[in-house]
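Undergrad: Chain residues, written in single-letter form:
There are 2 protein chains.
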Amino acid sequence: MLRAGVDLGGTKIQSVIVDPEGEVLGQDRIPTPQDQGSAGVIAAMVASVRSALASANASLDDVLGVGVGAPGQIDHDDGTVSHAGNLPDWLGTVPVAGPLREALGVPIELANDVQVGVMAESQLGAGRPYSSMLGIFCGTGVGGGIVINDALWLGRGAAGEVGHMVVMPDGALCPCGRRGCLEAYAGRAAMEVEARRRVDHGKHTKLFTIMQKKGRSRVSSGVWAKALAKNDHMATELIDRAVWALGLASASAVNLLDVEAVVIGGGLGCRLGTPFADRIRAAMIPHLILPEKAPQVLSAALGDLGGAMGAALRVQHTVPPPGNIGVVHEED
Amino acid sequence: MLRAGVDLGGTKIQSVIVDPEGEVLGQDRIPTPQDQGSAGVIAAMVASVRSALASANASLDDVLGVGVGAPGQIDHDDGTVSHAGNLPDWLGTVPVAGPLREALGVPIELANDVQVGVMAESQLGAGRPYSSMLGIFCGTGVGGGIVINDALWLGRGAAGEVGHMVVMPDGALCPCGRRGCLEAYAGRAAMEVEARRRVDHGKHTKLFTIMQKKGRSRVSSGVWAKALAKNDHMATELIDRAVWALGLASASAVNLLDVEAVVIGGGLGCRLGTPFADRIRAAMIPHLILPEKAPQVLSAALGDLGGAMGAALRVQHTVPPPGNIGVVHEED
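First to last, the protein sequences are chains C and S.
If you read the first sequence in this note's numbering, its first letter stands for residue 14, the second for the next number, and so on.
If you read the second sequence in this note's numbering, its first letter stands for residue 14, the second for the next number, and so on.
Since the hints were derived computationally from the structure, they do not count as laboratory data.
Some clues are possibly wrong.
If chains are identical, the list can't say which one is meant, so a pair holds when it fits in one copy or spans any two.
Unchecked claim - Here are the simulated DMTMM-like pairs of lysine to aspartate or glutamate, each with C-alpha atoms no more than 25 Å apart in a straight line:
1) K306 - D90
2) K227 - E205
3) K243 - D213
4) K219 - E36
5) K239 - E207
6) K239 - E36
Please work from the sequences and hints to get the whole structure.
TA: Pasting the structure below:
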């Protein structure tokens, strides 16, 4: 049987169809509708899954279920997504599993987008050779996950917030409202705020010109990559700063956890690739208690598809408990 | 059957005899011989186990084995302890399991002293109600351990080095040679170096007067406690600094691991007790991504006996593999 996975993001919806070995047989990628509320977003997810199935020459009868990786707070039992500020018009707590199941007629498995992305890298991507790893996903923010004995360690439900390890006491302001978190140095949103602050103080950069030329309203990963390629001074400084912070936080995490590998993913991490991962490793080593046993630091291998592939992986864990109707709990 | 445990330290050897429920039936505590080399230390361990057995009205026939918690690097297969700088005249790699087994005639289980101390707190002490915890042991240095699903997570063998999480980039010099590690702020050796530095710069403190009155050559945990009780300004400042660093490092660790509890142990941690743990929790909360879900921060419950009790716990894991003579591998 096949499995479908959907990565629900604020700007795009990515769907994949995978076979039992995790091979991608088909996929679809569409923009997240910005003006039709959560109902429009859910309708777009349904359409995207159908389109991915068509590209795989498969139908809903061939799939065991659909996994969905979503931002915000997931209530697995209720099948809802709350506090998803990145999603357009996503007010309060929105039922997702129920409506999707009604439209698609297969079990739906909801999970956190970063957690499924980390598990995809662990099982199918750069972390595959290792039974323990730390995933650090640099996108708008910095998320992450810890894999121990080949399983995601969730703690009391919120483990993996590597983006909020403190790298500099009383340091840069983080989008979370605190100071000195890793995300304040290595998250795209915070890096853009810092770039604008420097421009306001009379510094020069090509970042915003490149952004406008690309027709973007935000300094995207592609904008950062282009500015670096043009040797833009400010972009280079801010990426250096991100590398420093990522090296420091990874070193503290590795001293604590002694994992075999650190996998750098997310939009920015994937875009900057292996040279970025190599620089993070070099920045990490001076802070390691056992530098001679420095872990591998690798760029995420699955790129844009990782989130959707990880969401699909969640479906295999679906074993309907006795007296229950599968993954959709008390939906009506 | 009973189990014996020995905590081998640079200044004292602590032995306990525990029953299958982990109850302490007898114990012995003697100074570590300082001038008889490793042979003298091993002979003292043998004497201490015999003395603990006598105090429990038991004999070697009643014990399943002896667990030993030792500093330095443990080679479990070879039964040796290396790089144990805290132990007197401990040069190179010293066989420990072999000589002890020869003298006592029971299986010997060697393990890292901090790791057994953390496991004792998890299974029999402050961490008992929780299946996940972080142990932070503040003594001469700062060691620690991570318990996940009721088991110690060792990573590639060196996990738990919470003392070398970086709390201040380019900060205070750590005994490990790096800068800004937690241990540079919360380890007794580093705190004493800092106090001497401040005295050299003309600052006043009662720390060294109290030390001399107590007949100590080092600023022990008792000296710190006494100076605090006398409202010594420098001692208060340095303990405040340690609390700050412990709060910061625990917050980063909790954001990463989301454990249920943090247990503060070690000589200094146990001596300063619950008020110290409460202050660390207060210092941690502002840096937590989910402050409303702050973990418990507890003072270690087993005190001075924890290490020896944890060493005894190791014996229960001893299942001689087929064709093997138990825990003593290739000893002769």
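Undergrad: To test your reading of the hints: which numbers does this structure violate?
TA: 4 and 6
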